[in-house]
Amino acid sequence: MSGKYKFLCLLVALALLPPILGNAESAGGKIPGDYSLAVSSDSFNLYLKEDTLAIILESRKNGSVLYSTVQNPDDFKDQAAWKGFYQSGIVMEFIEDVKSTNTQADLVNLKNEIKLTKLQNGFAADVFFPDYQVGYSVEVTLNGSDLTVKIPQDKIINGEQDGHRYTVSTFTAYPFLGYSVLGQDAGYMIIPDGQGALIELKDNEKRFSSPFDRPVYGTNIGVEDTVNSQFSVGTEPVIMPVFGMVHTDDQIGFLGVIEKGDTAARIRAFPNGANNLSFDWISAKYTYRFVYKQPTGPSSGAVDMLTESSRNFDIVQHFLLADGENATYAGLACAWREYMEEKGFFGVAEETRPFDVEIDFLGLEKENSVTGKADVVMTTFDQAAQILEWLKTDGVDRVSAVYRGWQENGLTGGVPTDGCRPAGALGGKGGLEALMKKCAGLGVDLALELDFLSVNPETHPTLTYSAFKKITSQTWSRPTFGKVYDTLNYLTPERSWELALRTKDALPSQGGGEPGVVLTGITSLMSDYSYQNHYQDSGRLADYYTNIAGLMRNDYRTTLKAANAYLWPCAWALNDLPVTGSDYAYESQDVPLLAIALSGKMPAYLEYVNFQANSHKFFLRLAEQGTRPCFLITMEDPIELQHTNSADIYSSRWDLYRVTIAKWYEQLKALHASLDGASIVAHDILGDVTRVTWSNGVKVYLNYGEETAQADGQTLEPMTWKAVK
Amino acid sequence: MKRYALLLLAAVLLTAQCESALASVPYRTFTLGVDGDLVETQAAYEPRRTMTRFGEETLKNPQDMRLGPDGNLYIADDGNSRILVVTQSGEYVKEIGSKKTLKSAKGVFVDDDLNVFVADEKGRAVVMFDKDGKEVRSYTKPTDTPLFGESAAFKPNKLVLDKRGNLYIASVGNTNGIVQMSPVGSGEFLGYYGANQSRVNWITAIRQKILSEDQLKMQADIVPTSVKNLTIDEKGMVYTVSEAENAALRRLNVAGRNTLTPDYNTERTAAVAVNSFGSIFTANKDGSIMEYTSEGSTLFLFGATDTGDQRVGTFKSVTGLVVTDEYNIFVLDEILNSVQVLSATEFTDLVHSAFTLFQDGKYAESKVPWTEVLRMNSLFTYASTGLGEALYREGNFDQALSSFRNGGNRKGYSDAFWELRSDWLHKNLGVILIAVVALVVVWKLIGLADKKLHFLAPLRTAGGKIGGVPILRQMGWCFTMSRNPFDCCYGIKKEKRSSVLAAVLIVVLLFILQVANKYFSGFLFKSVREGEFELLRDAALTFGAFLMLTICCYLVCTIKEGEATFKDIFIGAAAALTPMIIALPIRLILSNVLTFNEEFFLTLLDVVAYGFTGVLIVLALMYLNDYSFKKTLGIIVITLFTVLVAVALLFVVYVLIGQLVDFVSSIYGEVVYRFVRKV
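Here the protein sequences line up with chains U and C, keeping their order.
Our numbering applies: residue 5 is where the first sequence begins, and numbers increase by one.
Our numbering applies: residue 467 is where the second sequence begins, and numbers increase by one.
The reader is advised that the hints may include incorrect statements.
Stated by the list, open to error - One side only, chain C facing chain U, incomplete, derived with CB under 8 Å: (1) V491; (2) Y493; (3) V505; (4) S809; (5) T811; (6) F977; (7) Q980; (8) S1132.
What the hints assert, rightly or not - Restricting the straight-line Cα-Cα distance to at most 27 Å, the calculated cross-link-like pairs of lysine-lysine (DSS-like) are: (9) K992/C / K487/U; (10) K992/C / K667/U; (11) K377/U / K526/C; (12) K210/U / K560/C; (13) K210/U / K526/C; (14) K206/U / K833/C; (15) K621/C / K607/C.
Claimed, not checked - Have a look at the derived ranges for each label pair, beta carbon to beta carbon: (16) G432/U / T790/C: 39 to 47 Å; (17) S213/U / Q865/C: 49 to 57 Å; (18) F1141/C / E346/U: 25 to 33 Å; (19) N862/C / G399/U: 30 to 38 Å; (20) S213/U / K607/C: 22 to 30 Å; (21) S304/U / F1141/C: 55 to 63 Å; (22) S104/U / I978/C: 56 to 64 Å; (23) T790/C / D688/U: 29 to 37 Å; (24) G432/U / Q865/C: 47 to 55 Å.
In short, the hints are calculated from the structure, not lab data.
Backbone N, C-alpha and C fix where the C-beta goes; we use that ideal spot for every residue, glycine too.
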């Protein structure tokens, strides 16, 4: 190094020294005396309070900290149970005999013994509660910006004392990490609602009485009663096991990612005011065992029962930490993308699939007739081939075609998929093979929709013996509100697996093209169930469904519909992704956390364009997220469906959508050509204008407002977008 | 109006001016389908925002809301005894009244001069404030007239004001009607206006006959429901809503007469609003919002109850509703203490623009937007009807017929069908007449030739053989009932000229014809919903009713010294049904070729067939049992009563068995879970 450069380095070092010293001092002020440094990574310091396993994470870049427990508990007049909860690092709950309310085993209120072990990159602790003879082990490690908490199942101790049985029920790890008090910090919580949503950290003045509390991967139908309403739209299920907290003023935040235990977890976000607490906090809660009501008769009588066995999983939860300019939802989504890439979530995803549009054909439905059920033919195989040819002539040269309702008895009568029996009314097996050949010639990827979950009890009465049963051994069913078939059942995972095996071997070859399937049903269910009169946990169901998806992945281009995250490693592409969340009153805005994380890695198609009341806004959303459109198409007018169970399909006629498909394709194809497989690296909302920055330097500006707007010198007309290199 | 509609359409189709975010909608939106049932459609309105804080002010148990001429929202903030005035975007403007001047604030109205009238229920008065918030006067219970009623309550809950300054006050507990007061002095009582009707059914009628006046007062459903909320449009028509479904929404003219019959109502309706385009909106307590056209046709039904999820666009207890001319909906909730704002989607803007043209009679111009609406939703019946009208006026009856059918518009369908049939007859009448004449001539010639050559003899022989088949002969005997009931019955009873099998076949034939009539009648005269088939129910009804009636009749006859055996009654009853078997095929054919203009023929046919069948049943019972006419009528009444008792008994047995099964399985379940599986 020359003398000149040495001098420059010295100047730089001198310039950097004061802030570093300053941070150290301020950090010193932020770390209470009863905490000690447990481990340091190149990005963060981890401090530990040994008696409660509370931690503090300190950014080495800017000195900001995330506390895991409330620092001044005496300032709040909460019940002792809550105080114990928010002063403990790990909180366990256990069940005494079969009592329906759990006992909280925090590290403040209950007498406990902690045996601490220092690890190279963290610490481990064996925790035991002698009064109840229950305990667990926890391991906390910090690697770079990844704080990992592990609670192995084989170290969990259930106890017996004085004739009582104590069964470990739930765990929550660092629920108050990054908590905030009544809007004292600027920032937001990230909840996995829809594609992601933010809850702003502000004083809510007790407007929100209850928290966001949702099971990961949707309602556990084997345990919880589902409300079936013809009039209301259910909340969006949680398909991604993530949650987060960002302090924008301190530029520090984290994204909690559940690696193991996701099948038994709930994400809970408490805006201040909920449950009469003054804090904003967010966490995941894992349940091993629980007490439920076992009905004893068809209409009355019930006894409390403890689940027959424990759910089978270890808890592994990551906190992906971010500081500085990365401490935003977009930055954390990028960190999640890297995490998923490392864990093999995009193992078979077609990262390089050129931009295309998904066209879903609806083949057959059934309606009532004097003699029983009559066919309602919406699109034959020949007609589908014709439509694909027309699309080609219209300039839509890349299409992913999906055939729905292609089997005997049609869309709602033909479930579950069992082998390959294309409907004769559509052209039969010969017609399907001809279509596949045609698609191969046109360069169209054709996939058949397969549903191994739903079972129509009228068309498949024998399969109802294999119907999915709740843990109370009652057969699960739901009303369809349709005019032809009244109820719908599900199959047990065991039976679904059998059908998948049979179907895989029966599907015809693609006639030269690459064969494809779209899996639906199993992709969005997570539940405990009863099989042969014994309790089966959700993990077993997830294993079966992973095997089914894996089985299909091996031989087919497998697209997963509205799929839960644990199945993504089996996906070539994802479709039917939600465009919005559930719009809870406490949400401040929707953010495309999911689209950012998938961008450049996994082809993603949004829900149908057909049923959007605001198609212009929907188009902008596609351009914003880099996601792809999906149209449901029929040759016949959907008025033909009005007396079928698909009467909710009210718009799908090909000749009315032809122009729209070509127009949207042309515009979005141009955008994707400029993106060239890049990923989103930043996402900013600047009033009505949204700015999306891609990794190849392209910036997309979108004006959702009613007025002409300007951003970064770009002028945008209302409801328009612009891509700038 | 037309210009507005075209501008709106242009905006929707070309530039798509919209609000910013793509909102999630927590409810499904429905419109009325072909048979009056609800069919799903795109979201008509989407929630935009929730307003809970207005500057530093919040609401407490708000009860009513109005849109002032100044564009501001006037909220009756009952918990704070004041009127809170805020802008549509939620900015605080001012407050009127206080706990000193108002004991409560249940209702509010703002006149063109921005005077504010407050219904103070606890203060038993309507208090008027000027635009600066200064109390001007108050209107209390009219005491100078006996017409008001001494015991009638004056607890103003909601109110409106017409252009002449007359007050229309909904008073709690006063079921005489809306209290109408003039602005003169402290308020002259003008009379009661537009009282709701009580529900009168046959049970009520019996009660009114047998109960005393005091007892009647205690019957809640005899007292008419009181008005829950009201509003007034630019023409001075008063719109009222009530919790009862039969008076959910009414539009009262100057005389207080209802001029609106909505085609769909909800219960617990709590608020109503109209805008200057005549669109009527109601909201029920649970959050179901309805949009009607000015004719009372349901355009959209949407909204959902907050079940604890705290989603934007769900409600707990709606008390106020405001709709602007831009179709922004403001919904006041007394439990959430909020005003939620919903705005029309692109789809709804399109529907409104088409409707405006349609209502103005611009059918041809409405064709384009209706077609676009149908592109977005093929099941939208109003669009089909609108398009049908446009096509009808173009003379395109064929497509109009199809559109009217899709829209479930029977009147339009009838007109289009009449035109098409008329065209067809015009083109083919000559050919038909020639064909008929030719057929007659050929028939006559064949008859003449056969007389000489007997070439039809083999056919006659074959016919005779077929007629000689015993079962056909026995069925044929039953058909003689129409010509000569006495001979027929004599043959059944004494000569055994028919059989049970023949009777069963006749009932089966009747069932088949009934089913054909029920499901394959022409669109105009079909009585069941399209796509609905209930064959099992039909069969159970036809065969069950026949069997039950014949068995009960036989039992009654045996007690009443009747001579007929069960077999005689069974066959006789089947024979009495033969006029129906003759009439039903004719009915089926006619229903497919007639329009509403010729409906009389079908009605006549029904009257004749049913009447004749009834007469034959009476005669059959008389002859078979050797009863007098009077005694036969008595037997029929007792038979019907016996059937009722038998059905009731069967129902009781069914319920008892169900409860027994439930009880046993509960015991078994408890034993299993408590002792075998050891909880």
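Results of checking the hints against the structure:
Checking V491/C against chain U: minimum C-beta separation of about 6 Å stays under 8 Å; hint holds. Checking Y493/C against chain U: minimum C-beta separation of about 6 Å stays under 8 Å; hint holds. For V505/C, the interface hint holds, the least distance from its beta-carbon to any beta-carbon of chain U being 7 Å, beneath 8 Å. Evaluation of the S809/C hint against chain U yields a violated restraint, the C-beta minimum of about 10 Å exceeding 8 Å.
At a threshold of 8 Å, the smallest CB-CB gap from T811/C to chain U is about 4 Å, leaving the interface hint in force. Taking 8 Å as the C-beta cut-off, the interface hint given for F977/C is violated, the closest approach to chain U being about 12 Å. For Q980/C, the shortest C-beta to C-beta distance to chain U is roughly 12 Å, which exceeds 8 Å, and the interface hint is violated. With a least beta-carbon distance of about 3 Å to chain U, the hint placing S1132/C at the interface is held under the 8 Å criterion.
The straight-line distance between the Cα atoms of K992/C and K487/U is roughly 18 Å, inside the 27 Å bound, and the hint therefore holds. Distance check on the hinted pair: K992/C and K667/U sit about 44 Å apart at the alpha-carbon level, beyond 27 Å; violated. At most 27 Å may separate the alpha-carbon atoms for a hinted pair to count; K377/U and K526/C exceed this at roughly 56 Å. For a cut-off of 27 Å, the pair hint linking K210/U to K560/C stands: about 25 Å separates their Cα positions.
Restraint check: the Cα-Cα separation between K210/U and K526/C comes to about 14 Å, which is no more than 27 Å; the hinted pair holds. The straight-line distance between the Cα atoms of K206/U and K833/C is roughly 51 Å, outside the 27 Å bound, and the hint therefore fails. Note on K621/C and K607/C: the hinted pairing holds, with a Cα-Cα distance of about 9 Å set against a maximum of 27 Å. A beta carbon spacing of about 57 Å between G432/U and T790/C contradicts the range 39 to 47 Å that was offered as a hint.
As the Cβ distance of S213/U to Q865/C is approximately 56 Å, the hint placing it in 49 to 57 Å holds. Separated by about 53 Å at the C-beta atoms, F1141/C and E346/U break the suggested range of 25 to 33 Å. Between N862/C and G399/U the C-beta distance comes to about 34 Å, which sits within the given range of 30 to 38 Å. Taken as a hint, the range 22 to 30 Å is violated for the pair S213/U and K607/C, whose Cβ atoms sit roughly 41 Å apart.
Distance hint check for S304/U and F1141/C: the Cβ-Cβ separation is about 19 Å, which falls outside the suggested range of 55 to 63 Å. S104/U and I978/C have their C-beta atoms about 59 Å apart, which keeps the hinted 56 to 64 Å range intact. Judged by the Cβ atoms, the range 29 to 37 Å given for T790/C and D688/U holds: they are separated by roughly 33 Å. Under the hint 47 to 55 Å, the C-beta atoms of G432/U and Q865/C, about 34 Å apart, miss the expected range.
Violated hints for the displayed structure, listed by number in ascending order: 4, 6, 7, 10, 11, 14, 16, 18, 20, 21 and 24.
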